Structure formats: structure tokens, C-alpha cells
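Listed below are the residues making up each chain.
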Amino acid sequence: MSQGKYQAEHATHSSRIGVTLIGATFVVLALAPFWGDRQTLRLLAEIFTFVALASLWNLLAGYAGLVSVGQQAFVGLGGYLLFALVILLDVHPIAAILIAGPIGALVAVPVATLIFRLRGAYFAIGTWVVAEVFRLLASQISALGGGSGISLPAAVVIAMAPSRQLREFETYWLALALTGAVLGAIVALLRSRHGLALTAIRDNEVAAQSNGIDVTRIKFIVYMLTGFGTAMIGALIFLMKLRISPDTAFSVNDWTAFVIFITVIGGIGRIEGPIIGTIVFFMLRQALADLGSLYLLMMGAVAIVVMLWAPKGLWGLIAERFGWQALPLQRYLVLAPKTEQPGGKP
Amino acid sequence: MAPLLALENISKRFGAVVVADSVNLALAEGEALGIIGPNGAGKTTLFGIAAGTVAPDAGRVIFAGEDITRLPPERRCRKGIARSFQVPQPFSGMTVFENVVVAAAFAGGVREASVYDACADLLDRCGLADKANKRAGGLTLLDRKRLELARALATKPRVLLLDEVAGGLTEHECAALVTLIKDVRAGGVSIVWIEHVVHALLAAVDRLLVLHGGKFIAEGDPRSVIRSPQVAEIYMGIAADA
Ligand SMILES: Nc1ncnc2c1ncn2[C@@H]1O[C@H](COP(=O)(O)OP(=O)(O)OP(=O)(O)O)[C@@H](O)[C@H]1O
Ligand SMILES: [Mg+2]
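Just so you know, the protein sequences line up as chains A and B, in that order.
Every letter in the first sequence is one number past the one before it in my numbering, and letter 215, counting from 1, is 589.
Every letter in the second sequence is one number past the one before it in my numbering, and letter 101, counting from 1, is 930.
In case anyone wonders, no lab produced these hints; they're calculated from the structure.
Note that this is a predicted model, so its numbers are computed, not measured.
A virtual CB, placed ideally from N, CA and C, is assigned to each residue, including glycine.
It cannot be assumed that every hint is accurate.
Stated by the list, open to error - From the derived model, a few chain A residues whose C-beta atoms are all more than 10 Å from chain B:
| no. | residue |
| --- | --- |
| 1 | G392 |
| 2 | F400 |
| 3 | F408 |
| 4 | D411 |
| 5 | I477 |
| 6 | L510 |
| 7 | L511 |
| 8 | S513 |
| 9 | G519 |
| 10 | R541 |
| 11 | E544 |
| 12 | L662 |
What the hints assert, rightly or not - No farther apart than 25 Å at their CA atoms in a straight line, the calculated lysine-lysine pairs in the BS3-like style are these:
| no. | chain 1 | residue 1 | chain 2 | residue 2 |
| --- | --- | --- | --- | --- |
| 13 | B | K1011 | B | K960 |
| 14 | A | K379 | B | K960 |
| 15 | B | K985 | B | K963 |
| 16 | B | K908 | B | K985 |
| 17 | B | K908 | A | K593 |
| 18 | B | K985 | B | K1011 |
| 19 | B | K960 | B | K985 |
| 20 | A | K686 | B | K960 |
| 21 | B | K908 | B | K1011 |
| 22 | B | K963 | A | K686 |
| 23 | A | K593 | A | K686 |
| 24 | B | K985 | A | K379 |
| 25 | B | K963 | A | K379 |
Said to hold, decoys possible - For the chain A half of the interface with chain B, some residues (derived, Cβ under 8 Å), not all of them:
| no. | residue |
| --- | --- |
| 26 | L570 |
| 27 | A574 |
| 28 | N578 |
| 29 | G586 |
| 30 | I587 |
| 31 | R705 |
Excised from the complex, chain A in its bound form (with noise of 0.2 Å):
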């Protein structure tokens, strides 16, 4: 192999930490159903599902620049979609949500096609049209209970694990491997030659142009890989709530407030953001949850004064103090060994 005099390393000393860190916490959660009660996995698989939404939101807002409010298009696309093709067509509940994928990329083309003519606030409402449409559209569907909604089959459910213990925990295993599959893909991605140009995108659009990166190109690429994973992540949400209805499948509330809130206050534009947003998130819903509609109002004016005074989040705030990156995704410039030890290392 013919070896350059440079190379280039992702590892940072707080990134191995990182690394680490995520590794551990990762093994940890895997073995909740030995340690958590119920009530703990239910909320474990919630936070999993939004950290999930978060780091989508988070690629299409964050770094290709598209401000969408109308990503529950595909989470209730998704759910429609395991509804569906568990009843219509008696597909496996775990097939479905991965079917669900494909074709919400696949939904996501004509969608990108017709709303990519929009620029600014006119994209951004543009996509929460979008997302109308797909409720009324649901609304329609009178196999899948029109406007008010339908339950999943006893049997089904039932079919799915021996018992209603394993079914749980085959759910929470569920949500965990496909967050886990979304954060490594979005990794795998940031940290490829499409991530360098999309992070170019995020900094600077139109030097990004001028510097031979067709943008257009790759905010639509993303913008059909986000429809994959939000439609996958909606199928899984709805799978764990059991049932569905246009109003819950397309909830602007749920599925987008809720997670631009997560990824502002975590830190847009930053893959660790939706991470510590969520965590956050959940912590203040437990804590106001005594209070009623006011909690609402204290999440607003918690994201009130993050934004003044850390507008990159709250991640944004630490790792520019202190210079962290908790996943290894830049590149560090090193000199190669000069020469190749004879025989090879071990």
C-alpha cells in the first residue's frame, strides 16, 4: 500500500472518553430489563425513541440547513405504514417497522421534489402542509379506522412473544438497538467524505458552493435518509403505544416541538446535542409533571434562557469552554511514521 507522508485521526483524548462512556452506558441499558421495573423500561424506550427523532431532526436542521416542522409526516407515516401491513397484510410487527424504513425514504422523494422550491420560512411551512395532508389523508383510510383511530389486534400483539414480560422486553431491546442503529449510522455518515461536505454545508452554504460541494444534492440525500429513520422510529413508537390515529400520528406537538425543543436546548449542529437535549428534556417533564399545562410554560421559558444565554446548547457551551468532542468526527492533521517496520507490525 503506497503510504502519504500525512494522515489524518478522528481520536481525540476526550473523544476516547467519550467513546467509552457511550460504550459502557450502552451496555448498561442493554441489560435494564435485569435491573428496571416496568416503569422504567417504558420510559428508557421513550427517551431512546426521542433521542432518536432529536439526532434526525438534528442532521436535517442542524447541518443541511433544512428547517422542517413537518417531520411527523414520517413518524405517522411509519406508524400508518406498521398498522397497515401488520392488518392488511399480515407482515410480522418487527418486518413492518423495517419496511417502514425504505419507504419512507421512498415517500421522501416527491415530498424533498415539491417542497425544495420553498426557501426559508416558506420550506418550513411548507413541510408542516405537507404533513397535513398526510393526516387528512390517514383520516381517509377507513380499514385503518379513519379519523378515529384503531388498536392492534389482540392477536398480534399476543403473537409476538410467549409472554407479556418477554413482549416488553423484546420491544425495549427493540428501540434501543434501532436508536443505537440511527445514532451509528448518522456517525457513519458525519464521519464519511458526504459528512466532511455536509458539515461544510452546515458552517457555510455558500462556500461550500464555491468550493466544489453540490449542496442540493446532499440536502436532498439527507433529507430521504431522515425520512427512513423517522419513518422507522414512528412505526417503533407506535408499536409500543399499540394504538394509533391521525391526531397522535401527525401530532405537530409531539413530534416536532417536543424535539426541536430537545435539540436547541442539547445543541444544534452538534451530534451530542439531541443526546444531553433529551436527557434534559425528560428530566424537567418528570420533575413538572405535578404541575399540569403550566409545565408546558416552564419549558418554554427554560428554552427561552438557554437560547440567550448558550445559543449553541447546552453541549455547545461545554465543548467549546473546554474543546470536547464526545464522538470522534474531526479530522487531526499527523505526520505518518516515516518509515514501514519491516515485516509488518504485529
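Here the structure of chain A is known, so what remains is to put chain B with the ligands in place on it, guided by the hints.
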């Protein structure tokens, strides 16, 4: 011989302000051209039109015999037109090294690892070697300008459009910059350089154009253009230091 880059009858206005009024410009292969003109004359806008970030109201942009008027910036870059931005536009969250790597890899349409050596050498030539692993957003204005030049060169251009890269340099740094630009030119790159630091320009270009009121009002041998009455009139004191 047909020019490498040509602007033909280019007109552009922003609202009521006429920035280019049927402008013609031809850059021969291997030539180094200087452009001067008062603030707001429309110099940067012409670069935008040549590089594809600004659409002209009328006229054509020709590169290597091909009409590229409707080509998007990234395609023009890959064909060999590179520009530096007057107000530096770094990819702030990326390292200095990554800034040049992304330009080299995407302009060249090649794998990332294949450009590492060239990019490291380039940073060295542009005086940024010791800052390769720094975040570009943390650079001083001077280093940001160096990065503009390094990133433009990383795309391996045939035409390099330089927009005020010498401002704020010390005498010594300015001389180093002129040497670098001459080097680049000796490597076969044609150059258009917009610059207010006239003595740097005179040291590097073969021909000088003066833009004023949306038109080129003087052109020719740099030293005689600088001494021409038109230039004296627009610039008053500014040209006196040449
Ligand atoms: N996008 C824009 N929208 C509106 N007006 C613009 C735009 N870009 C430039 N202008 C105006 O066009 C005129 C020419 O601007 P330009 O930047 O091309 O001048 P310049 O010759 O490069 O000036 P300087 O020496 O200050 O860099 C200025 O009056 C500027 O305000
Ligand atoms: Mg200018």
C-alpha cells in the same frame, strides 16, 4: 487566442444601483490581471458573477470556450474557477485542515485520503501549518484570509479570483504573499486580483483594469494606468503611494 475566462456584456443592478453596465472582461490563459476601483464599484459582484453566486441580469460568462452563465457555483469550481471571499467565509466549526481537505476532495471529485499530502503542503505554503488542527472559527482575520487563499488553491484552479487578500499584512508578509501568488501563476494558474494595496498588485500583475460606475474606465500596463488622470481623479490620494 480565445480567452480562458470572459465576461461578455455583463449587466447587473441591485434595485436602482447599477453595479455592472455592459461590462466586458477577457482573461488570457496564463495571464495575471489586476482590478482596482473605489468602494462599491462592483468588483466583488463581478467575481460573484464569474464564480456563479450572483446571477447577471444580462450578458454571458464564458470559460474555456463554453458558456457557463447558467452553471451553478459547484460546477464552475470543478471546471477550475476558484475564488477567495473578500469577507472570509471559513467553515468555522471545522479544523483548518478539514477546510482545505473538503475543498480539494469535492472540487477534484477524489477520495479524501488522497488529498491529505497536498493539503498539508498547501497549508505550509500559506503559512498555516502550525494551525492545521485549530478550529477555523477561532482564527484571526489575517489567518482567515490565508485560509481563503489556501482553500481556493486546494481546488486546483485554472483561474484564481482573489478578492482583497493583502489588506492588513505587514510589509514582510505582503512580500511573501506576492511571491506565493507569482509561484501559483508560474504553476500555470491564471489570476484575477482585486486589491486596494496597489504596490502588491503592481508587483504581481501584467495588466490593470479600473472599475468605476459599473464600467471599466481604464486598462493597460499597470504603472501607466495608475498614473493616468482618470485614476488620479477617482482615487485622489489613494494611488499616490504606488
Ligand atoms: N446582494 C446585494 N444586494 C444589494 N446590493 C448589493 C448586493 N451586493 C452588493 N450590493 C451593492 O452593490 C454595490 C457594489 O458592491 P461590491 O461589493 O461589488 O463592490 P466592491 O467594488 O467590491 O466594493 P469594495 O471595494 O468595498 O469591496 C455596492 O453598492 C453594494 O452595496
Ligand atoms: Mg469588494
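Structure-based check of all given hints:
no., hint, verdict
1, G392, "17 Å, holds"
2, F400, "27 Å, holds"
3, F408, "40 Å, holds"
4, D411, "42 Å, holds"
5, I477, "31 Å, holds"
6, L510, "36 Å, holds"
7, L511, "35 Å, holds"
8, S513, "41 Å, holds"
9, G519, "46 Å, holds"
10, R541, "44 Å, holds"
11, E544, "40 Å, holds"
12, L662, "33 Å, holds"
13, B:K1011 x B:K960, "24 Å, holds"
14, A:K379 x B:K960, "18 Å, holds"
15, B:K985 x B:K963, "23 Å, holds"
16, B:K908 x B:K985, "10 Å, holds"
17, B:K908 x A:K593, "22 Å, holds"
18, B:K985 x B:K1011, "15 Å, holds"
19, B:K960 x B:K985, "22 Å, holds"
20, A:K686 x B:K960, "24 Å, holds"
21, B:K908 x B:K1011, "22 Å, holds"
22, B:K963 x A:K686, "19 Å, holds"
23, A:K593 x A:K686, "22 Å, holds"
24, B:K985 x A:K379, "20 Å, holds"
25, B:K963 x A:K379, "20 Å, holds"
26, L570, "5 Å, holds"
27, A574, "5 Å, holds"
28, N578, "5 Å, holds"
29, G586, "3 Å, holds"
30, I587, "5 Å, holds"
31, R705, "5 Å, holds"
Violation of the numbered hints given earlier is absent; every hint is satisfied by the structure.
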